[in-house]
Each structure stands twice: as structure tokens, then as C-alpha cells.
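Novice: Please build the complex by placing chain C on the supplied structure of chain F, with the hints as guidance.
Taken in order, these protein sequences are the chains called F and C.
Counted from 1, the first sequence has number 11 at position 11 by UniProt numbering; the numbering is strictly sequential.
Counted from 1, the second sequence has number 160 at position 160 by UniProt numbering; the numbering is strictly sequential.
Do not rely on the hints blindly, as some may be mistaken.
Given that identical chains are not distinguished, each listed pair holds provided it fits within a single copy or across any two copies.
[Said to hold, decoys possible] 25 Å max Cα-Cα, derived BS3-like pairs, lysine-lysine:
{"#": "1", "residue 1": "Lys-282", "residue 2": "Lys-136"}
{"#": "2", "residue 1": "Lys-278", "residue 2": "Lys-37"}
{"#": "3", "residue 1": "Lys-257", "residue 2": "Lys-282"}
{"#": "4", "residue 1": "Lys-2", "residue 2": "Lys-81"}
{"#": "5", "residue 1": "Lys-283", "residue 2": "Lys-31"}
{"#": "6", "residue 1": "Lys-81", "residue 2": "Lys-283"}
{"#": "7", "residue 1": "Lys-130", "residue 2": "Lys-282"}
{"#": "8", "residue 1": "Lys-2", "residue 2": "Lys-136"}
{"#": "9", "residue 1": "Lys-57", "residue 2": "Lys-282"}
{"#": "10", "residue 1": "Lys-57", "residue 2": "Lys-278"}
{"#": "11", "residue 1": "Lys-2", "residue 2": "Lys-37"}
{"#": "12", "residue 1": "Lys-257", "residue 2": "Lys-246"}
{"#": "13", "residue 1": "Lys-31", "residue 2": "Lys-2"}
{"#": "14", "residue 1": "Lys-31", "residue 2": "Lys-303"}
Keep in mind the hints are simulated off the structure, nothing from the lab.
Just so you know, these numbers come straight off a predicted model, no measurement behind them.
Number of protein chains: 2
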Amino acid sequence: MKDIKISIIGFGDVGQGVVQVLSQKQQTLEKLGVNIKVVAIADSRSSLVNADGIDLKKAVKVKRNTGIVGRRGSTTAEIIKNTDHDLVVEVTPTDINTGEPGLTNILTAIESGKHVVTSNKGPFARNYAKLMKAAKDHGVVLRYEATVGGAMPIINLIEENLAGNTIERIDGILNGTCNYILTRMGEETLDYQHALLEAQELGIAEADPTYDVMGIDAACKLVILANTAYNNNTVFDDVSITGITKITPQALELADKNGYRVRLICEVSEQVLSVAPKLVPKKHPLAVGGTLNIATIHTDLSKMVTISGIGAGSIETASAILSDIIHIYRACLANTR
Amino acid sequence: MKDIKISIIGFGDVGQGVVQVLSQKQQTLEKLGVNIKVVAIADSRSSLVNADGIDLKKAVKVKRNTGIVGRRGSTTAEIIKNTDHDLVVEVTPTDINTGEPGLTNILTAIESGKHVVTSNKGPFARNYAKLMKAAKDHGVVLRYEATVGGAMPIINLIEENLAGNTIERIDGILNGTCNYILTRMGEETLDYQHALLEAQELGIAEADPTYDVMGIDAACKLVILANTAYNNNTVFDDVSITGITKITPQALELADKNGYRVRLICEVSEQVLSVAPKLVPKKHPLAVGGTLNIATIHTDLSKMVTISGIGAGSIETASAILSDIIHIYRACLANTR
Chain F
1 MKDIKISIIG FGDVGQGVVQ VLSQKQQTLE KLGVNIKVVA IADSRSSLVN ADGIDLKKAV
61 KVKRNTGIVG RRGSTTAEII KNTDHDLVVE VTPTDINTGE PGLTNILTAI ESGKHVVTSN
121 KGPFARNYAK LMKAAKDHGV VLRYEATVGG AMPIINLIEE NLAGNTIERI DGILNGTCNY
181 ILTRMGEETL DYQHALLEAQ ELGIAEADPT YDVMGIDAAC KLVILANTAY NNNTVFDDVS
241 ITGITKITPQ ALELADKNGY RVRLICEVSE QVLSVAPKLV PKKHPLAVGG TLNIATIHTD
301 LSKMVTISGI GAGSIETASA ILSDIIHIYR ACLANTR
Chain C
1 MKDIKISIIG FGDVGQGVVQ VLSQKQQTLE KLGVNIKVVA IADSRSSLVN ADGIDLKKAV
61 KVKRNTGIVG RRGSTTAEII KNTDHDLVVE VTPTDINTGE PGLTNILTAI ESGKHVVTSN
121 KGPFARNYAK LMKAAKDHGV VLRYEATVGG AMPIINLIEE NLAGNTIERI DGILNGTCNY
181 ILTRMGEETL DYQHALLEAQ ELGIAEADPT YDVMGIDAAC KLVILANTAY NNNTVFDDVS
241 ITGITKITPQ ALELADKNGY RVRLICEVSE QVLSVAPKLV PKKHPLAVGG TLNIATIHTD
301 LSKMVTISGI GAGSIETASA ILSDIIHIYR ACLANTR
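Extracted from the complex, chain F is given alone in its bound form (with noise of 0.2 Å):
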């Protein structure tokens, strides 16, 4: 049995999306030979610190009765380097013009020779370059999954899966609430506004919803996915953005008579970044409906392959996650076998 020691830092709706899937698969894990040990949980005032593991449910219980998870005093940086542990979960809110504090956190994490698991895209889509030569000057493992799609494994998918392979191209669905809006506008003659009043009232959309509708969640992914498949340095402001908040029922009723969808796709390739509302027919592969999330990968070898899974939500985020923690373990074994 292999014992892992992380720290989870961010405790909102994804950080406690993590502990309880770590709690609920603790026998998976030990059928794997994993012991994974949360030895320090951090949110943006305070922090919980326990060497022999923090019990878990009580951690969440007074997270959501008090609003803070421990003690006052220590900043996350002191957390981070002086904790004895392996690996850092850094899951804190994307703040897309900064990248902090995810930045700061993870460039902390790696300096102090720990692993990182994130689903932070912020850091990803303003300094890709810098994080990775980061990792490999520490020869630690930076893996990020869950940045892009929630559970619909898409990074790993260009990485790993299609390796050897060149990428040609990406189209993807990348933002699950424009699609539920377009979706809804197009089935029921909904207006703009209306749709998403809808999408809010499903909890599909926040209460401010720019960063979705004007296509800046979107096009931070597309810059990730850009760096993965061709580690070229891509920064956000390469990429050419329309949101879909100017679209009308007429335009979609339009497209529909002559055998069109109207969805918000995200293109990537070497020459080509843009996230803009498109014509895709109906029998099309990126026609899909909802909330989902998708993308076609185009290479030399394997021609095209088409990914679909759910791109938000605590526990399928948590999921991409823990699949990154097995793999930096699965090496880890590998080192020590």
C-alpha cells in the first residue's frame, strides 16, 4: 500500500466535490494499492492542518455551518510549502485576468517539490509555458484534466490517448450554458433574455453570467487545449472571441428551415483560435442538445475522434481530478517498482 498525502486548496463546490469522492472511493483506491491521506484543506481565510488525515465529513459540516474550514492566521503559500505532503489539489475560483490566487499557488506547490492536480483554468490560460517548464525544472507532475470539459477527458485524451499522433484540428462545444441556451432558443422560439432567465433558474447559469455568454469560459479552454496539442505558448488574448448574446430566435429558425443548428464552437488549430456562434447541420456530430460538452480532435493517424461527456458539476470535476491523482500514483509505482 502506497500512502499519498495531499492538501486540498479551495474549498468551495469542487474542493468538497473532491473529499467526498475520496471519501465515498476509499476501497477502490486501496484495491488500486492507494492510501490517500488529506493532511491540509484550505479556503480563502483559513486553513485545517492534520498530520495524520482530517477527518473529511466533519471538515465539509463545519465548512457549511460556519463558512470557513479552520483556523485563521496561516496564508495558503505557509500551508503549501510547510505541510509535509505529496501532492496539492488546487482548486480555487478561475479568475481569468490575473490568474490568481491559482497562479501563485501552484507556482508554490511545484518550488516545494509537490505534485499538482488542478481544475484551475485561470493559471493555464495566462501562463501555460511558465507552469510546465515549472514542473519539469522540479521534476514534479502538473496534470490538469478537469481545467477543461469537467468530465469529459479530453486533455489527457490529446495527450496520452493520441499520442504519436499530429492534431490537425479541434472543434469542440466547450461551454455546457450557451449550448442550453442556444438549444432552448432553437426548440422553443425562445428570445435571448428568456433563455437565459431559464438557464438561471436551473442553476445552468450564474447570476452573472458574462463570463459563459460572451465566450470567455470557452476560449480560456480553447487556450488550453491549444497549449496541449501544440505547447506553442498560447495566451487568451490570441484568441478571437464572439459570445452569442446577439443571436435571435429569427436567425435560429432561419438556420433550422435550411438544416442547420446555431451553437457556439470553439476552433483550434495551429493557424486558427476562435470561439464564435456557427451554422452546424443537424446531422453533424457537434449538433448536440443541453448541457453537454464535446469535441472532435482531428489528426493524421486516427483521422477524427469525437468526445462527449457532462463539462460541468462538483463530482464529475472531482472526478478528472482523482483519475489525475491515480495516474501521478500509477508513475509513482512505476519509480518504485
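Specialist: Just chain C now, with coordinates in the frame of chain F:
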């Protein structure tokens, strides 16, 4: 730069595809820090060995001109055992009944301490547990992505990208020939015999289509998926199989009128192992047309992930083999880090 010496056992379409891909991808592999040298090639009647690396273009030419790749005299087992190399690519033809010659080739490779990458379904549909145990006992890696779905990366998706998930069910279309025939029968109200003939003329169906149209090929893949998902020593005889030969254009027409397509669906769970024609709603992800392979994996954490890709073809299959080789090389690098 890491040198990996490999042999290719079986030199038909897939073996030649592997050789073509390795020649084409030399630079890509060098960028990944690996130099793959083919030191032995064997077909059913002859073999070619060169410790300095075989001239791959010449080998293909000789095979095409003479029907054999090298000299007669050595057995395949001798080539595998006595040639100094690291990894065996086993790509001999599938024999569902005996698993041979793949079974013996793979066990010979494992027992002589070599990693194995294979596209051969036979051994895995008959002796999955024995093969995996042998690999474990001898401390080598055995990978078989190419056995199911050609370029559709489903094995490693289950094993790695969805690691930690409990697989509740897999539904899929795993035989492109049957899907092509059913698609054409539906589109053009063709009867089975006409659609089969068309598929044969296009090279989609083989001269003897039995394995495909009777559901045998799909059942083999299903056994491999079940073993991957549940590690429960499923064998071919556990599968309930119905082929597509008795489907009439009238049945398809009736389905169409009610909003359905008929597809040969594989269903895998801990309770059910079945290959049978089923009604699929037209809007369902599995209602794909043509020769694509597709599968939806239902799990506890990710909920559902759908993957599709080209299920056959020598280059597509070689792509899966290449990704498996790269995986093993990455594990080796981790070992020596």
C-alpha cells in the same frame, strides 16, 4: 534519447501500417525523446532480424513482391526469445476459436521479459486473465488498445482517463461493417444481401463476412471491454449474440416511422453481456451512420462519457499501437528518472 528495440510479429496490413507510421513519425518520436528501432519482423512463413535496425521501406517492398519478409527457418518463438529487444508488437490475425498464434506469441514475449503491444483480439477474448497475470508476474507491460475500435481509444479511456470511476454500463457500436450495412438498408430500403454486396464491393465487408455479420467480432470486443471494466475473467462463451442477417428492410422502415434506427448494439455490465440488433431513438448519440465505432460509458462519477472514432484501417490501428508504445516508453523514462 532512449533507444527502444522492438519486433513486429505479423506482417499483414496492420504490421505494415505500424512500419509506415514508425517511418513517418521518426521526428515526432525524437521530440518525445525516444528512438524506436525495429530489430525483427516475422510473418507466418519467414523472418528478418537486424540488430542495427531493419530498413523498413525495403522490408515492405520485399514482402509485397515476394509474399514473405525474410528467410525461412526460424520459428516465431525463436525470434521473440532470442533477439535482443524490449518490446513485441503482436499483430498476427485474430483466431477467435483458439486465440493462436497470438496467445503463444504474447506469452512467449512476456515470459522472456518483453513488453507487449497488440491488436490481436483472439487471445484477449479467450484468456484475458491468464495474459494479465503473466504480464504482472514477469514485471512487463501488456497493452491492447488496438484490439477494440481501431483508432477509438476506449480501453485506455476506461483504464486511465476514467480511473477511480465505477463502470455501471457500456453501450456501443463496435462493428463498422454491420453499422454500414444497417445504415444503407435504412437509407435506401435495400435488403440485407444487397447492402452486404455493396459493402463487399467497397472493401468494408470481407469476402467471408461471417465474423462481422453474425456479431462474433463485436462479441470479442465486448469481452475485452468487460474484462477491462470489471477484471472479471469474462470469456467469449459468456456473451449472448444475435447477428444482423435476419433483419429486413420492412423492420427498418417500421422503426423509422416510429422515430428509431436499428443498430447492432453491444451492452456490457456486470449482469449483461449482449450483442444484438436494437431500436435506438434517432436523436440518441448511438444512432450514428456509416462505419464509425461509438460507445457510451456510464459511470458513477463522470455519469456518461461518449467516444467515437474510426473502428478499422491499418493506419488507424497503428495509431493505437503507437500510443501504447509511447505510454510504455514514458513509464520507462519515469523509472529511470
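Novice: Each hint needs a verdict: does it hold in this structure or not?
Specialist: Results of checking the hints against the structure:
1. For a Cα distance limit of 25 Å, the shortest separation of Lys-282 from Lys-136 qualifies neither inside one copy, at 44 Å, nor across copies, at 48 Å.
2. Taking identical chains as interchangeable, the C-alpha atoms of Lys-278 and Lys-37 are never at most 25 Å apart, the minima being 46 Å within one chain and 46 Å between chains.
3. Taking the closest pair of Cα atoms, Lys-257 and Lys-282 come within 25 Å of each other both inside a single copy (11 Å) and across two copies (19 Å).
4. Proximity of Lys-2 and Lys-81 under a CA criterion of 25 Å is satisfied intra-copy only: 22 Å inside one chain copy versus 34 Å between copies.
5. In this assembly of identical chains, the alpha carbons of Lys-283 and Lys-31 never lie at most 25 Å apart, being 43 Å within a copy and 39 Å across copies at closest.
6. For the homomeric pair Lys-81 and Lys-283, neither the shortest alpha-carbon distance inside one copy (52 Å) nor that between copies (52 Å) is at most 25 Å.
7. For the homomeric pair Lys-130 and Lys-282, neither the shortest alpha-carbon distance inside one copy (41 Å) nor that between copies (47 Å) is at most 25 Å.
8. When the C-alpha separation of Lys-2 and Lys-136 is checked against a cutoff of 25 Å, the pair qualifies both within a copy, at 24 Å, and between copies, at 18 Å.
9. Taking the closest pair of Cα atoms, Lys-57 and Lys-282 never come within 25 Å of each other, the shortest separation being 46 Å inside a single copy and 44 Å across copies.
10. Neither within a single protomer nor between protomers do Lys-57 and Lys-278 lie at most 25 Å apart by alpha-carbon distance, with minima of 46 Å and 44 Å respectively.
11. In this homomeric assembly, Lys-2 and Lys-37 come within 25 Å of each other (Cα to Cα) only inside a single copy, at 11 Å, whereas the closest approach across copies is 35 Å.
12. Proximity of Lys-257 to Lys-246 under the C-alpha cut-off of 25 Å is restricted to the intra-copy arrangement: shortest distance 20 Å within a copy versus 38 Å between copies.
13. In this homomeric assembly, Lys-31 and Lys-2 come within 25 Å of each other (Cα to Cα) only inside a single copy, at 11 Å, whereas the closest approach across copies is 33 Å.
14. For the identical chains of this complex, Lys-31 and Lys-303 are inter-copy neighbours only, at 22 Å across copies versus 37 Å inside a copy, given an alpha-carbon limit of 25 Å.
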